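Asks: If you want the building blocks of each chain, they are given just below.
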Amino acid sequence: MLRVFPGRHAASFLGLLLFWFALGGAWDLQHLVLGAAVVLVALVVRWRVAPGPSHETRPLGRPMAARLGAPFRVLAYLAFLMVEVVKANIQVALIVLDPKLPVSPVFMAYRPHLSSDWGRVLLANSITLTPGTLTVEMDRDGFLVHTLTRSAAATLPEWAAEWRVRGLEKAFGGGADDA
Amino acid sequence: MAHGPALVIALPFLGAFVCGWMGSRRIGFARWGAVGTAAIHAFIALSLLSRVTRNGPLTYATGGWPAPLGIEVRVDILGAVVLTLLGCGATLILLFAQSHEPAELGRQAERWYWPLCLTLLGGMSGLVIAKDLFNLFVMAEICSIAACGIISVDSRPAALEASFKYLLLSAVGSGAVLLATAMLYSVTGYLDMDAISRALPAAAASFPRVTMGALALYLVGFGLKAALFPLHVWLPDAHSAAPSASSALLSGLVVKVYVVALARIGYQVWGPDLLWRSPAPYVMFWFSAGAMFFGSIVAIAQRDIKRLLAYSTIAQMGYIFFGLSLRSENAVAGALLHVFNHAVMKVCLFLAAGAMIARTGKRDLAGLSGIARSMPLTTAAFTIGALAMIGVPGTNGFISKWYVALGALDLGRPLYAVLVVASSLLSGAYYLPFVISAYFGPDPGHPRGREGPPAELAPIVILAAVCVLTGFLPRFPLQHMLEVAKSFFALR
Amino acid sequence: MSQQLLGHLNFLGAMVLFAVGLYTMLTHGNLIKKIIGMNIMDTAVFLFVVSLGYVRGGRPPIGAAGTAAGFVNPLPSALILTGIVIAVSTTAFALALAIKIHENLGTLDADEIVRRTRSG
Amino acid sequence: MHLVFSALLVVLLVSCGLAVERTRDLLGAVVIFASYSLLMAINWQMLGAPDVAITEAAVGAGVTTLLLIGAVSRTRRREE
Amino acid sequence: MHDLILSTIAGYLLPLITVYGAYVITHGHLSPGGGFAGGTIIAAGLILAALSWGFHHAEKVFNENSLGNLDTLGSSGYVLIGLVAVFRGSLFLTNLGAGFPSGTPGKLFSSGAVWLLGAAVGVKVAATVFGLVARIWSGGGASGEVDEP
Amino acid sequence: MPGRIVYSWLPAAVALFPMACTGLVYFAGRSSARLRNMVALFASAGTTVLAAAMYPAVSAGNTLVTSFGGFLPPLGISFRVDTLSFFLALLSSSVWFLVTIYSLEYMKDEHGQTRYYSFFVLTLSGSVGTFLAGDLFTLFLFFEFMSLPAYVLVVHEETPAAMRAGLKYLFMTIAGSLAFFFGLVATFELGGTVSLDRIGVITQSSPLSLFTFIAFVAAFGMKAGMVPLHVWLSDAHPVAPSPASALLSGIMLKTGAYGLLRVIYNIYGVGFFRAVGWASGMLFAAAVTIILGSAVAITQMDIKRRLAYSSIGQMGYILLGMSLLSERALTGDIFHIFAHAIMKSCLFLCAGAIIKKTGKRDIREFGGLGQRMPVTMACFTVAALTMIGIPPLNGFISKWELSLGAFEAGKPFYAVLLIVSSLMNAVYYLPIVITAFFTRAGDRAAGYAAPDAHARHVGVSTGIVAGFVAGDQTEPSPAPAGLSRLLSSVAEAPPAMLVPIVVLALGCVVFSLSPANWPLHMSELSAKLLLGP
Amino acid sequence: MRELVAALLLVAGTFFLLAGTIGILRMPDVYTRMHVAAKSDSLGAGLWLLGLAVVTSDPTTVVKLIFLVVFIWITSPTAAHCMARAAYRSGVRALPGTLRLSDGGVASSAGPDAVPGKERSGPCT
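Protein chains in written order, with our numbering: chain A, 1 to 179; chain B, 180 to 671; chain C, 672 to 791; chain D, 792 to 871; chain E, 872 to 1020; chain F, 1021 to 1553; chain G, 1554 to 1678.
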């Protein structure tokens, strides 16, 4: 059943173990043993319960440079997102506190050029978090985005998030995810 | 059997899990597993009884911790007798159900049925021997849910509706009980019954309204579950819509354990002195008097045999509460004895009625006329049960009636005794016409079955025999109940 | 003082909620609404239990022997936890019943249900 | 401050309860009930019962709500 | 109805929630929580996954049969652990007195059987709660009706 | 003659022997009818023998006692046989024996015979046990054992009328037994014992003791057919098979009277009664019972209904006798229990024979019966005359004693009442006899045409007058044409039915004004015993 | 110092949450409300938790708080998306005057009845 790359598994395992230790706040052997067991069970459950892997698995070769750059890309993306979120909130606050309530909503279709599901999801959620936009509907071909203002709709296609996500995809190997 | 008190609770639950687990694989295992578990339960209960009567109350602290932390149970004489009743009663009912429920329920429902019955048994056992009020509450809840379960397993609309009503009302009841427990805890700082009982006089002096409120809530809570008169609305539907064996369990055993709980709270926690300083017994008295008459009068109008039996339960529960609300050892002993006796006879009646319904497919009284010709033994057992209900001497119903009436006279209230007597007359008014038409009524002519298989017949006959036997030799339950009543009143 | 008041406040709230829950349960015909009412009532009771403990100054009244000073008395919590478990199982069971009733009778209204079961 | 917050919580709880009672749309009532449960969980945390708060959050706001929503979606949404 | 965002997110959250639930269960004697709360949390995670992927996927693994097994495992485990004490000659559910190792207070494996009991309860609760919700949502049948693939 | 207390197993044996035989009868009935009948006969005969076996001890003035203390605590079962108990037990078992013989023939073609005989024997056990009971509780128990199985005898025919009557009987019985139950509990409460071995268990007058007494009167009065509790009787007796009716009227009514005797003279004590003056209420009830029973009997045209109402009237005598609280009255009372038992059994058996042979129940159709069934009708006549109280038959003796008792008690009004009621007895018995002997078959006696509604509405005096008119108007029938025709017209009941009738009728004659009247002697002893020192 | 930072963060968080709440009340339709809910939740709660993390000395707690922030940032937009999608699919109407831009950027005015949606009800799915 485990039709994913072992490396990916190892990453999940380690990540979850880290989570476990973070929760417990103790780094002793007991925690390690129990944690390993728990994490293993959790992962098995997750893979067993999940629907079959996506038909669109396109493993990409990953250049060494991309691999090394991955953490930086992630951090950069997070920073970018934070800034965007703050901006979004300020914008919302301004709109909300404006007595005229200047909204001019738009439904727009949007087609990102991404190769992996997780990338699309990341982008979709980023869109939701960022100024004036909200992903309403989504499938592999594109998104249906609701924007709060016309200007937000106009700027969305040029938004910086998409190429950053594409960069992340390159770093982690897009399309390898299923679900 | 040192672990009897724990086993008697744990065993049915364990059995329930295993039966539930095996039920989807081999239903036969679940069936006989249920009976076997109940039988072992009965055996443990009997050995506990003999132990308790010899050595006095048996206290068992699970986990070895003392009362406030661990769960402590205590098997006193009352508990032991009721446990025995539960074990033996459940064994017989489940034995009866073997030949009966598979056909009535269908495979899917049956898988749930046996575990639920055992869960109910475990809950009831826990309820009667719980030593602290919180476990009392928990066990009452387990009973309630399992009882709702066995009503509605077969998913007939009427049963579903009845079960829903029961579930919601008993949730109200348990809310009241929990609230009362919390109130007691807040003023005494204990959950353990003995400890509360010791602390209560002082608490009642300084927080009279809280303690009074707690008592009232207990009365309402357990009164709801035990179908005390104005709170009985759920019972007729629930007990008549359930499958036959369930009806017997519910009407015969389940409502009784709540009475035991209420008696414990009233007499062991509050104690007679404190209890009669509150209005609770007086309220209970009038309610129960209402129950005796209301239940009987409505029962007269019933056309469905199981509804008739259900209303009769209301009347008889009124009878038990009546005895408990009289400040007299004899009356309380009579009421407790009636807990036992009514259980025996009502189970007998419900099982017999169930057998009749199963064989003829008819539930209405008219449709069952002349049934004695094709099912003589079952009808005879039913007759004995009915006579016991009326309180004909030579049956166990007489003995309990005797003591309650005696208690009423102890108080110098002959009118109360007349009330008891008159309510028996009323119960004659609805049992006898059916019994007579069963023997002498015209046979409606449709094909009639024969007596059921031995496994179905044996429990009915045994119970009828117990009715007569304890009518003639009432020493077994009577002596214990007198002792219990005495101990209730010895409490200060 | 403030704690006392807090306890009383919750106490009062619990009473009101109990009434609201009971009222919902008794007056609404819809079974699911009844179930929600039951839940409100249950939580009100739990709130009552906690606030009763609070009235006495947040310290459990039992000084169980051998327990450290800062040891939190597990009793009221255990009480309510069990209560919650019971409440949720009751809820689940009641909902299953409600669904079955709806499947069988096509309605969730108590009066209507009674009418249909009596006639059917 | 603590007191004010608690009072606010209680008021909110009561108003949620009343809102549940008033709402004829069952799904709406369920959602309000979920928020009621969360408020209750917060209240318990404040009253010094973290265990209960956790459980209530998981059960009251989680499982019970899910059960209720499931039931509503399989029956009917409005109270008739 | 499949939603890519939800199902992807659920895929990430499920193991996290499971691990968190396991944490709550196993640290019940050290911090707030315990078998019941943790079991509910695990169940909630499973329910989240099942809701976003469809109950029929979850029922590949957690169907009535296996849930029943888990249920029985948990509950009879509890009783059996209690009975271990009985066979050791102590009272039912006796913990340290029955020879369960006490461990170091504050450590994970401490408090003797409490830990095991918590785990049993957790398994039982998780299975039961998930089963309940699955039954309510998917009508007790083998596959979900609410959602289509 | 101070009696000793003798512990003996005999009383228990007498009471329990038929009960044990019940099962035997039932199982015998499953294999062979003949065997069953024999077992039933054996049971009643055995009971009679066992009862008679107590005679030596009782005649020596001893009291036989059996008790089972461990049984049914806290009361226990006990038997206690003094003269009265012995006398009535012997009476009932011997009447039972005779009726069993009668049943063998009468019930031959009936359905459900096994059931009939089983309950027949069980009822015997109940009634004998009632008489032998040593305490109120045992009395209660056996009283129930008699009353409840008797229901089956009442509804034996299973006709709708029988079922209705049975239901009425059952409810009244249960109401009565509950009243009894109440009295029992109250007695236990007041006196601390329910034993009948002394005089005066309840010695203090209080509302509760009055209440208790009323409960007892209700319980036993119901069984004894005291107005207004008689309503079951007039329905139940006619619908039962005739042997059962004979026992119902002959023996079972007496258990009620016996119970009252025991209550008045043992539980309360005659001294107590004289002091409180409750007896006047009883007297009044008795007077009403006598008058009403007789008056209604006149209006009845169904032979068995007429006999049933007559029983009510006669029970009034017995109630009267025990309420007068004088020794003579008590002697007459007890003797009347005996006398009425045999004469009413005789009458019912005759009626049964007539119904069986001719199918006629309406006394207006009894014309020519005297020719067809001479022996039966002769016995009927004897019993009827006894009933009226013609000297020297034994009915006369009891009435005589009762009247003397009334005078002794300073209540001469009741003596007058007795005479009036005797007249009324004549009014309703003589026409039957006259019709049977002096009217041709097929003739409807003229006198019966009208009075039915009449008497009912106009009242007692009109009834009497109408009765006399009826008697007067009855014309003598022409003499029979010849002996051969007479013989050919004879269609007498078979001997098995005839023998008991004749024996009972002889009893009416023998225990009359003869110099050695053993029953009277027993009655006197019993009255002395009851009144105490 | 730590307290000051924390207080600032908390105040900021409160401000955004308050703005969000007002927004939810003021916004004209479901979709616009979802905007506000998604955004103010993630930032407001995030700032709060951050503020708490600053004053907390226990490292485990800090880690837990940070995890919480991550959770909220994952779940909050997902939840908003789910609700918007559910509303869209069950045909909840948007504010009159909402534009519809197709892929190529061609605008068309979406009238009151213009929002298409499959007639499916059901939460979130």
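Simulated from the structure, these hints should not be mistaken for lab results.
As the structure is a prediction and not an experimental result, all values here were calculated from the model.
Keep in mind that the hints are not guaranteed to be accurate.
Distance condition first, Cα-Cα at most 27 Å in a straight line; then the derived DSS-like pairs of lysine-lysine [unchecked claim]:
hint, chain 1, residue 1, chain 2, residue 2
1, F, K1376, F, K1188
2, B, K541, C, K771
3, C, K771, E, K931
What follows is a list of derived Cβ distance ranges for each label pair [claimed, not checked]:
hint, chain 1, residue 1, chain 2, residue 2, range
4, B, E630, F, P1180, 48 to 56 Å
5, C, R786, F, F1047, 49 to 57 Å
6, B, A384, G, I1575, 38 to 46 Å
7, D, G839, A, G69, 44 to 52 Å
Some chain E residues flagged as far from chain B (calculated, every beta-carbon gap over 10 Å) [as the list claims (entries may be wrong)]:
hint, residue
8, H873
9, L875
10, L884
11, V950
12, L951
Cβ atoms here follow ideal geometry from the backbone N, Cα and C, with glycine treated the same way.
Asks: Holds or violated: K771/C and K931/E, Cα atoms, limit 27 Å.
Replies: 25 Å, holds
Asks: Is the Cα-Cα distance between K1376/F and K1188/F 27 Å or less?
Replies: Between K1376/F and K1188/F the Cα gap is close to 26 Å, so the pair holds against 27 Å.
Asks: Minimum C-beta separation from L875/E to chain B exceeding 10 Å: can you confirm that?
Replies: 36 Å, holds
Asks: Say whether it holds or is violated: L884/E keeps its Cβ farther than 10 Å from all Cβ of chain B.
Replies: About 31 Å separates L884/E from the closest Cβ of chain B, which puts it past 10 Å; holds.
Asks: Mind checking the hinted window 38 to 46 Å against the Cβ distance between A384/B and I1575/G?
Replies: With a Cβ separation near 55 Å, A384/B and I1575/G fall outside 38 to 46 Å, so the hint is violated.
Asks: Just to be sure I understand the hint, the distance between the Cβ atoms of R786/C and F1047/F should be within 49 to 57 Å; is that true here?
Replies: Distance hint for R786/C, F1047/F holds at roughly 54 Å.
Asks: Would you say the C-beta atoms of G839/D and G69/A sit inside 44 to 52 Å of each other?
Replies: 49 Å, holds
Asks: Could you let me know if the closest chain B CB is still more than 10 Å away from the CB of V950/E?
Replies: Violated, because the least Cβ-Cβ distance between V950/E and chain B comes to about 5 Å, which does not exceed 10 Å.
Asks: At 10 Å, judged by beta carbons, does H873/E keep clear of chain B as stated?
Replies: Given that every Cβ of chain B is farther than 10 Å from that of H873/E, nearest at about 31 Å, it holds.
Asks: Any Cβ of chain B at or closer than 10 Å to L951/E, or is the non-interface label fine?
Replies: 8 Å, violated
Asks: Given the hint of 48 to 56 Å, is the C-beta distance from E630/B to P1180/F inside that range or not?
Replies: Because 28 Å falls outside the window, the suggested range is violated.
Asks: Run the distance test for K541/B versus K771/C: straight-line Cα separation, threshold 27 Å.
Replies: It holds: about 26 Å lies between the C-alpha atoms, which stays within 27 Å.
Hints 4, 6, 11 and 12 from the list above are not met by this structure, while the remaining hints are.
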